[in-house]
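Visitor: Read top to bottom, the protein sequences are chains A and B.
If you use the working numbering, the first sequence closes out at 505, no skipped numbers anywhere.
If you use the working numbering, the second sequence closes out at 805, no skipped numbers anywhere.
Take the hints with a grain of salt, since some may be wrong.
To be verified - Here are the simulated DSS-like pairs of lysine-lysine, each with C-alpha atoms no more than 25 angstroms apart in a straight line:
id	chain 1	residue 1	chain 2	residue 2
1	B	K556	A	K274
2	A	K296	B	K706
3	A	K188	B	K622
Unchecked claim - Computed footprint of chain B on chain A; a stretch qualifies when at least three of its residues, placed anywhere within it, have a C-beta under 8 angstroms from a C-beta of chain B:
id	segment
4	61-73
5	119-129
6	302-308
The set of hints was computed from the structure by calculation and includes no laboratory data.
Ideal placement from N, C-alpha and C gives every residue a C-beta, glycine not left out.
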Amino acid sequence: MRLSFLAAGLALLLVSGTVWAAGEEEGAAASDRVTITYMRPEHPSSPIDPQAPVYEAIREALNIDLQIEAIPSGDFNAKVQLLLGTAQLPDIARLRQQQVNDFADSGVFLPLNDPVKNQAPDLWAYIDAIPDAKKTFVDGTMYYVPQMDSFQKLLAPIPMIRRDLLDDLGLEMPDSFDELYETLAALKREFPDSQPWTVRGGTRNLLNRAAFPMGMGWSIHWVPSEQRWVYGTVKPEFKAILEYFRDAYADGVLDPDFAINSSSQWHEKLGSGKSLFYYDNMTFGLNYTLSLRQVKPDALFWPVPVMENSLGTRQNFSYPRHWLSGGFAVASDSKHHDRIMELFNWMAHGDGLLITNWGIEGEHWHRVNGEIEALPEVLDTYRGASDPQRAMRSSIGTGLLQFSLIVDQKPIYYYDPPEVSDWYAQVQADPNMHLPVLPPPFNEEERERLKRLITDVDNILNPALDGFIVGTVSLDEFDNVMKQAIEAGAEEIEEIYNAAEARLR
Amino acid sequence: MVTPRLRTAFSDRSLGSYSFDLINMALLLAVIFITLYPMYYIAIVSFSDGKEVLLGRVRFWPRGINLQSYQMVLRDDTVIRSLFNSILYTSVGTAINLVLSTLCAYPLSRRDFSGRKWLTLYVAITMFFQGGLIPLYLVVLQLGLLDTMWAIVLVPGINAFYMFIMRTYFQGQPTALHEAAIIDGANDIQILARIVVPLAKPIMATMLLFYAVQHWNSFFHALIFLTEKARYPLQLILRSVVVESTFEQMNDIGAATDFMVLEKTIRFSVIMVSTLPILLVYPFLQKYFVKGVMIGALKG
Numbered sequence: 001m002r003l004s005f006l007a008a009g010l011a012l013l014l015v016s017g018t019v020w021a022a023g024e025e026e027g028a029a030a031s032d033r034v035t036i037t038y039m040r041p042e043h044p045s046s047p048i049d050p051q052a053p054v055y056e057a058i059r060e061a062l063n064i065d066l067q068i069e070a071i072p073s074g075d076f077n078a079k080v081q082l083l084l085g086t087a088q089l090p091d092i093a094r095l096r097q098q099q100v101n102d103f104a105d106s107g108v109f110l111p112l113n114d115p116v117k118n119q120a121p122d123l124w125a126y127i128d129a130i131p132d133a134k135k136t137f138v139d140g141t142m143y144y145v146p147q148m149d150s151f152q153k154l155l156a157p158i159p160m161i162r163r164d165l166l167d168d169l170g171l172e173m174p175d176s177f178d179e180l181y182e183t184l185a186a187l188k189r190e191f192p193d194s195q196p197w198t199v200r201g202g203t204r205n206l207l208n209r210a211a212f213p214m215g216m217g218w219s220i221h222w223v224p225s226e227q228r229w230v231y232g233t234v235k236p237e238f239k240a241i242l243e244y245f246r247d248a249y250a251d252g253v254l255d256p257d258f259a260i261n262s263s264s265q266w267h268e269k270l271g272s273g274k275s276l277f278y279y280d281n282m283t284f285g286l287n288y289t290l291s292l293r294q295v296k297p298d299a300l301f302w303p304v305p306v307m308e309n310s311l312g313t314r315q316n317f318s319y320p321r322h323w324l325s326g327g328f329a330v331a332s333d334s335k336h337h338d339r340i341m342e343l344f345n346w347m348a349h350g351d352g353l354l355i356t357n358w359g360i361e362g363e364h365w366h367r368v369n370g371e372i373e374a375l376p377e378v379l380d381t382y383r384g385a386s387d388p389q390r391a392m393r394s395s396i397g398t399g400l401l402q403f404s405l406i407v408d409q410k411p412i413y414y415y416d417p418p419e420v421s422d423w424y425a426q427v428q429a430d431p432n433m434h435l436p437v438l439p440p441p442f443n444e445e446e447r448e449r450l451k452r453l454i455t456d457v458d459n460i461l462n463p464a465l466d467g468f469i470v471g472t473v474s475l476d477e478f479d480n481v482m483k484q485a486i487e488a489g490a491e492e493i494e495e496i497y498n499a500a501e502a503r504l505r
Numbered sequence: 506m507v508t509p510r511l512r513t514a515f516s517d518r519s520l521g522s523y524s525f526d527l528i529n530m531a532l533l534l535a536v537i538f539i540t541l542y543p544m545y546y547i548a549i550v551s552f553s554d555g556k557e558v559l560l561g562r563v564r565f566w567p568r569g570i571n572l573q574s575y576q577m578v579l580r581d582d583t584v585i586r587s588l589f590n591s592i593l594y595t596s597v598g599t600a601i602n603l604v605l606s607t608l609c610a611y612p613l614s615r616r617d618f619s620g621r622k623w624l625t626l627y628v629a630i631t632m633f634f635q636g637g638l639i640p641l642y643l644v645v646l647q648l649g650l651l652d653t654m655w656a657i658v659l660v661p662g663i664n665a666f667y668m669f670i671m672r673t674y675f676q677g678q679p680t681a682l683h684e685a686a687i688i689d690g691a692n693d694i695q696i697l698a699r700i701v702v703p704l705a706k707p708i709m710a711t712m713l714l715f716y717a718v719q720h721w722n723s724f725f726h727a728l729i730f731l732t733e734k735a736r737y738p739l740q741l742i743l744r745s746v747v748v749e750s751t752f753e754q755m756n757d758i759g760a761a762t763d764f765m766v767l768e769k770t771i772r773f774s775v776i777m778v779s780t781l782p783i784l785l786v787y788p789f790l791q792k793y794f795v796k797g798v799m800i801g802a803l804k805g
């Protein structure tokens with residue numbers, strides 16, 4: 001009896017599974033309607049709803065059903081590698097430059113120069129107007145449409161400090177890195193349990209953000225004053241930067257967990273008052289400020305203007321304009337190349353451009369004195385969300401994290417409080433802020449050589465950097481490490497970059 | 506309360522022996538603490554006030570107990586749908602696993618089964634060598650299972666190691682039972698269904714638990730074989746919550762300030778919600794589980 005009950009249960013489960021799976025199957029399409037698969041990483045703050053108004057509008061305007069495959073961003077690379085390895089790419093995929101470069105020769109991507117030029121001229125006009133966009137081509141061939149912006153405020157990783165505490169203690173806003181050290185040391189003395197300067201993403205991120213402003217950038221980077229690529233980590237000036245952090249670690253100014261903090265721990269430390277300074281995306285400062293105000297009503301993170309370094313210069317990189325290091329690749333075996341080009345061109349001008357960035361006219365936006373503005377009632381709908389602008393765009397299906405080729409970022413600033421607008425203005429007005437330069441395109445031989453050299457040099461330098469800062473590697477030993485890194489090809493990396501840059505120019 | 510017998514046992518022993526036991530107990534208690542504290546910490550954080558958590562005041566007891574984070578987690582469609590998917594995949598998958606493993610283990614346990622050695626070797630090879638991910642993906646694609654539940658439940662249909670444990674257990678059953686059943690006119694299927702399986706409850710329960718845990722924890726097959734978000738199991742959601750350290754898809758969470766405060770309690774609530782169902786299965790299968798593992802392990 002019990003056995004038959006079990007068997008019946010099993011049968012029920014199997015049947016329910018079958019019915020469930022069958023119920024999800026796609027219905028028959030109209031003769032002129034095509035289904036185009038579109039895969040992209042799904043940002044956790046911006047989930048993708050295939051029924052969002054924008055995707056409905058694409059269906060109505062172009063008779064194209066977008067079948068969206070939203071892959072959790074943390075696992076996206078694994079999935080992409082598998083799909084590229086099995087040549088099972090969806091019709092359109094939002095990929096990173098590196099993913100495209102690695103498989104460009106395999107024939108899995110459609111070369112886009114001619115199709116875009118001929119069938120999506122409005123899109124080509126945008127690409128043609130951005131000189132750096134051509135740096136994304138592989139041996140002159142465009143394998144993905146880079147994601148570009150039509151409007152975006154300048155955003156930068158900059159130093160952010162607890163201004164309320166400076167005011168409480170009568171400390172000045174630091175103007176140089178030496179002053180910053182003194183200020184953080186004073187905060188440490190006043191709050192012995194604090195870990196003033198905290199970092200996410202380990203030493204790499206610490207140096208990536210702070211080393212260039214301190215005089216010599218980390219790894220291979222563009223030096224605006226010299227107009228050339230420099231491998232900074234092996235330069236004598238870099239040692240002074242490491243010594244700065246070595247002292248900061250020893251004095252408790254630098255978070256003792258700087259090398260291993262996760263993003264979550266980093267957020268917690270800054271949001272709870274454990275840490276008082278960071279050098280990263282300035283907009284996080286707002287969240288920390290709001291969180292801290294629950295326990296200290298006047299708490300306030302504030303950007304430190306670009307500081308003078310030990311060489312007497314002031315310099316800082318902003319985040320790049322556009323998102324050229326990623327974009328939309330088309331599968332070479334897709335049966336819908338013409339319709340995809342039609343879609344791309346629609347998205348690059350007129351209605352398509354507006355819809356993919358703002359939604360539907362009258363429903364989500366209207367014109368005020370000729371300017372496009374989001375409808376107030378739409379803005380109010382998302383005002384209570386944890387991340388209102390992403391919630392709004394996710395729900396409508398617009399913008400950077402959904403499916404927009406040319407992104408208008410204006411909608412993201414609606415919810416910014418006045419402080420953040422001031423921060424943007426400060427960054428925009430700072431004459432020492434430099435736009436980062438995209439690496440030049442390399443030929444196949446250079447790509448292969450660089451892959452090997454970068455691995456070799458990183459393997460020598462990276463472990464030593466941590467050791468030097470925490471004091472387990474001495475200064476003499478570090479000199480040897482730098483020598484080894486140069487022998488392993490650090491300067492050759494520089495040469496390859498500069499040769500490729502010269503060729504492009 | 507110290508019993509007379511225990512008191513005698515202690516009084517008869519040397520100081521060295523007593524100290525050894527004491528140190529042993531202290532060490533084992535430390536191991537238990539190290540093992541259980543992370544889980545306990547997740548539980549108390551999930552029940553605590555987000556502000557207390559953010560300020561680092563939650564260490565050993567929940568502070569400012571509230572269930573706000575659970576309300577948010579359980580109100581979220583994604584979590585509920587993926588929880589349902591996980592239960593479905595685990596139920597169907599485990600049922601398939603048990604049927605297939607039994608059907609494979611039983612013949613291999615019969616000493617009169619010709620070709621048994623070669624077939625055993627053939628199965629054993631799969632424990633050490635696999636085809637790799639790309640061939641597996643292509644097989645699933647060719648079978649038309651991509652983006653269906655069957656890719657999740659059929660692909661891990663048999664775990665060779667578990668199947669061998671079952672085979673070992675079946676081998677331990679007296680052959681006289683089979684002979685008696687044959688004399689009574691039973692065929693192989695009847696022997697399996699009416700004699701072998703009913704007498705193998707401990708190993709079946711153990712395998713059920715092993716397979717169920719395997720399915721419950723699995724996220725990788727779902728990641729590579731599923732494209733429709735509505736089919737994602739809970740573990741994929743949990744992974745993005747824990748690995749990407751965010752749960753911001755909950756747009757009704759309140760103002761940004763509340764979000765910062767609640768992020769950790771919500772994250773830990775999701776971990777609790779995804780862990781509890783499978784933990785609850787253990788007590789019911791405990792008695793079979795210990796017995797099954799011991800028997801399966803001792804006889805080779």
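Visitor: Each hint needs a verdict: does it hold in this structure or not?
Guide: Hints versus structure:
no., hint, in the structure
1, B:K556 - A:K274, "holds, 14 angstroms"
2, A:K296 - B:K706, "violated, 61 angstroms"
3, A:K188 - B:K622, "violated, 71 angstroms"
4, 61-73, "holds (count 5)"
5, 119-129, "violated (count 0)"
6, 302-308, "violated (count 0)"
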